[in-house]
Structure formats: structure tokens, C-alpha cells
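Got chain A; can you put chain B on it based on the hints?
Residues per chain, in single letters:
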Amino acid sequence: MDADLIVQILFAAIKTGTPLLFIALGEVICEKSGILNLGQEGMMLMGAVVGFLAAYGSGNMGFGVLAAMAMGAFMSLLFAVLVLHVGANQVATGLALTIFGTGLSAFVGADFVGKTLQGFQPIPLPLLSDIPYLGRVLFSHDILVYFSFVMTIALIYVVNKTRIGLTLKAVGENPHAANAIGIKVLRVRYLAVMFGGAMAGLSGAYMSLVYTPMWVEGMTAGRGWIALALVVFASWRVGRIMLGAYLFGLASIMHLVLQGLGWSISPNLLAMLPYVATVIVMVIIGADHFKEKLLAPRSLGKPFDPRNMA
Amino acid sequence: MIRIQARTEPSNIMKVASPLIAIVLTLIFGSILFSAIGKSPTQALQVLLIAPLADSYNIGEMLVKMGPLLLCAVGLSLCYRANMWNIGAEGQLLAGALGGSAVALFFIHSESVFALPLTLIAGIVSGMLWAAVPTFLKLQFNSNLILTTIMFNYIALYLLIWAVHGPLRDPEGYGFPESAIFADSTLLPTLFEGSRIHLGILFAIFAGFVGWFILTKTHLGFQIRVFGADEPAARYAGFNSKKLSWFVMLFAGGLAGLAGVAETTGPIGQLTPNISPGYGYSAIIVAYLGRLHPIGAIVAAIFMAVLYMGGDLAQIEMGIPVAVVSMFQGVLLFFLLACDFFINNRFINTNNQATN
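Just so you know, the sequences run in chain order A and B.
Those letters in the first sequence? Residues 1 to 310, per the working numbering, in order.
Those letters in the second sequence? Residues 1 to 356, per the working numbering, in order.
Hints are supplied without guarantee of correctness; some may be wrong.
Said to hold, decoys possible - Computed list of chain B residues with no C-beta within reach of chain A, every gap over 10 Å:
1. Asp170
2. Ala233
3. Tyr236
4. Pro267
5. Val299
Stated by the list, open to error - In silico DMTMM-like links for lysine to aspartate or glutamate, alpha-carbon gap of 25 Å or less:
6. B:Lys39 with A:Glu217
7. A:Lys302 with B:Glu9
8. B:Lys39 with A:Asp111
By construction, these hints were calculated from the structure, which means they are not laboratory data.
All C-beta atoms in this analysis are idealised placements derived from N, C-alpha and C, irrespective of residue type, glycine included.
Only chain A is shown next, with the shape it has when bound in the complex:
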């Protein structure tokens, strides 16, 4: 395997990992507020189809991205109302959101299957993309990949260094204490859930506007679920999510690597790799139960009703 091929593989791993990065960044913020939203796959699919339709109809890619994010946020708002106000079970509601989004996206996009778009084009950054090897791996991407870099760094800063991050963590760790010191727990959770939804929509838009770029029913192929595993894998740390997303991206393009090594394995068997990798990751994390308990937001998945706090 020569250096050129390695550069190509790493470039592809970043591109493949980017939708995972977007959606997992959204989910980690949501989970830090104590809410587990299993509707990622549904929101992502809705983002993908709405983003595609908006971009296809308007001819404006940026509008497609914004529409996808708005759709994702709206979907997550449905989830948030049911979970935060109606007191529905988070697991069941999240599943319902995924089933709903899968069905609705297929319905909405039925007439657009097979149509293609120009998609976002790569913009090599001046100077940076001239760095040997590294420039081609990191700085020869499309604008959304750069946005994902900026987003990751911004979130690391916000979560770890600002009052907003502290508030978010307080709500997720101990909503009762947070409530007692005057934090509006439900408002924080609404915002966190909707941020997660917008990021899931963005992730979907990346699939339908950059990665393929077209709309196919069920095109996210479980990435919303893999993102949920990714958050646990990253121990709820924003920086590690980036690393994890690219590792999963690498697992998804393993056929390139193996071709490079001169192996030939059925592409259908290789297609299992990201899913098998996710299972292995779940086993490794789960086996270290004590550590997982220690790192997870303490109120994750548990309902909080301020009306019961007389």
C-alpha cells in the first residue's frame, strides 16, 4: 500500500465519518441534558429527504441544508413534547420517532427517488491544502466537512468552558438540584433535544446532498443507531466523538483498504463491518459497567417533572 492510497483512504474515512460526526454531536448534547432520543435515524432520514427536496426545488444547496436542519429540529420538538410534557417513555417515543420518520420520508420522497443533484463541491483551502499529505486528507473537502470541524471545536469549548455547558451538565447530572438553584430544567432540555434534532437533520442533508448526492429510501442505513453507540463509545466527550466517527468511517470503507492490500472479500460481507464494529464496541463498553455508570449523565433517560416538586 503506497502513501497515495493511504491519503485516499483517510480522506474517504473523514468524508464517510462526517454524517456520523454531525449526528453524534447533536445526540451527545441531548444526552448531556439527560434525554435519550432514539429517534435519530428517523430525524436523519427526514433531514435527508427534506434537504434534498428543498435543494432540488430551489436549486440552492444552502437552503436545502437549512430546511433539513429545521425539519430535524421540528421532529425532535414532537419527541420533546411527548417526553417532557406528556411524560411518555423516552425509549418508546424515540422508537416511534424513528418509525415515523422512516415512513414519512419514504412517502414524501417517493417521487424523487433516482433524481440526482450536483451536490456540494470540494473546496481545497488555500495554503492549508498544500501541506503534504495532511492537506489532501483534511483540507480538500466540501464546506460541510469544514463546518463539522468548526462545530466540534466550538462544542468542546461551549461544553467545557462556558456557563451554558455547566448549565447543561447540571441539568443532566441532577435536574432536581439544577431546578433548586433556579435553572429552567425543561427549557434546557427542550433546547438540547432540538439542537440534537437540527444536527440529525444536517447529518441527513450531508447524506443526500454531498455523500451520494441523491435521495434513496432508507439511505441512512442505520447511521442514526450507530451514532447512539458512538456517543457511549466516546464516553460522552465531544472530542472523542470526532475520533470515533472517523474510525467508524474507516470501518465503512474497509473494502478500499482491503483492495489496497490485494484481498478480495465479498462486498456484502464487508458491508456488515460497521454494524459488527458497533456490536463489539457495545460489548467492550458494557463490560466496563462501572466506568460507563460513572461517565454517563446521571439522569439519562429518567423523567423529570417540575410539577412534582412541591
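Same frame as chain A, but now just chain B:
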């Protein structure tokens, strides 16, 4: 002013009424949607819900779709009662189809009477195995069951696709990714002349009653119910949670496997990559709609099968995308969760208290 108040006792009326209200709300939502895309809502609902029951052929096709939905939903009902979030019925169904088909192809030139039973057993065992791995990983390594079962759905799908492109492909099939057509000795007998209603549908209804019997008449079922209602109490009573988990998962996996092998040896007659239009996922909704009760699942499975059948008809007759079915399913589950809120809560009028 109208306020919401927690009920002191869960409402038994709402437990039954909630799915019905959810269905009505879903139909209203659907009517609005059909109007929005310029289709007549009355005609659409007629095609979706009435036409599937209009003649004996349609009823037969509807029952063919009910079989796998019911088999999967009965198992899931028991799983969810025991707090085992098994989302893997789809993968277990595909594994059953794959394992069963491998045995059916082994018997392709055989007329042995054992061919069909062995094929079915292979399907059931394959489904059980596919459920056993995530169960083991959960009990041994505490891995998240929801995520592992979903990952196993995808793994089963790619395994199936690989098999029909490779080892199980029909050597005389012009390269199509399909197995050879099974011998008659491995096909499920049909129950009526000229219809596709096969023995698998009786298995499904039988499974519903077995599930009901286990849940309501056995000590094991009692343990499952206590476990779902109050886990600490169940532990205090010394119930063996591992044993219960294994039982419900293997039961569900076996039934889903049977559903898969009954599809390939029943209406399809060979192994193809698209043997399931998401029956395993829809069964989650069937289980909830049937109130996690095996007999309720029978009623809910009929409703869902009508919807599937109606979706096919709506596609043919009105050009409505068949995806309308999965959209209806998702909306239905949403409304159901919202309506279930009123099992434990109710509206009260606070005006009287305010004037006092």
C-alpha cells in the same frame, strides 16, 4: 380551567380505548394528508381499510401478511413485558428465512416427509440463535440490547444478501440473486384451493394462544408480568431475571424465525433478498397496539395486515406511494403514546374548585 391530574388508579377503559382513539386520530391525519396531495380522502381510506376485506382473495392475501406480523408481535409482547427491549425481530425473521432456506435447498431433490419439519425447525433455531447472541451479550457484558439487536438486523440482512449472491444462489438462475425454487416437499401446504393461505397462518394464531397461555396461566408468565410491572418487587421475590430474559428472547427469536421460514416456504417458495417489507419493525407497533397482550396482538396484527394490503391496493388503484403504510404506522404509534398518557392521567375541570 381545564387541568391535568394524575389518576389514583390506571384506567382500564383507557387501556382499551387508547389504541382505538389513536387509530381514529391517525385516520384523520391521513385524510388531511391525502387532501393535501390532491387525492380523495374517502376513496383513499376506502381502498386502504375496506377494500382489503372486500372479497375472499383480498382477505386471503391479508391473512398471508398477518402471519409474520403476528408471529413476531407475540414474541415481542412477552419481551417488552419483561423489560427486554428486543428490536431485532426483523433480523431474527431474516435469520430464520436464511437458516430454513439452507435446509430446504438441501432437500431440493427429496420427497421425504421429514423435509418440511426439518426446514421449519432450522428456521426456528436460526431465529433463536440470532436472538441468543444479543441476549448473551447483554447478560454477560451488559451491552445495550436495543442497539445490539438493531445491529443484528443489519448484519442478518447483509448475510442474507451475501447468501443469495453466493452459496445459496440458484446455479441455473441466470445470475439473479435468488435461490432455486424449493421442492414441493419443503413447501408449507395451503389450506384452501386457489388461495395462498398456508399452514403458517395457523401457526401464528396458535402462537398467539400459546403466548396468552404462558402469560396468564403459568408461573413463568406471572413472573414476566411482575417483572414488567415492578422490577424491584420481582427481584425481592427472588425471581431469576436471567432465566426470564433468556426465555422471552428465545421465544421471540424462535417465533420470528418461524415467521421467516414460513414466508420462504409459504407464499414466496424460494429465498430472495426482499422477503420482508419490514414485518419485524411493524410488529413492534402491533405489539404495542395489542397492549403487549398476545390475544390483543391477534386483533392488532389483522389491522396492520389490512393496512399493508390496503397500501398495495392504494398503490395500484390510486397511485399513492406504498410508503404510506409505514408513514401511517409511525403516526399511529405516536398517537398511541400520546393517548396512553390518559391511562394514568385525566383532564379535570378546576372551575368548581376555584369558585369554592
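(Q) So, against the hints stated earlier in the document, which numbers end up violated here? (A) none
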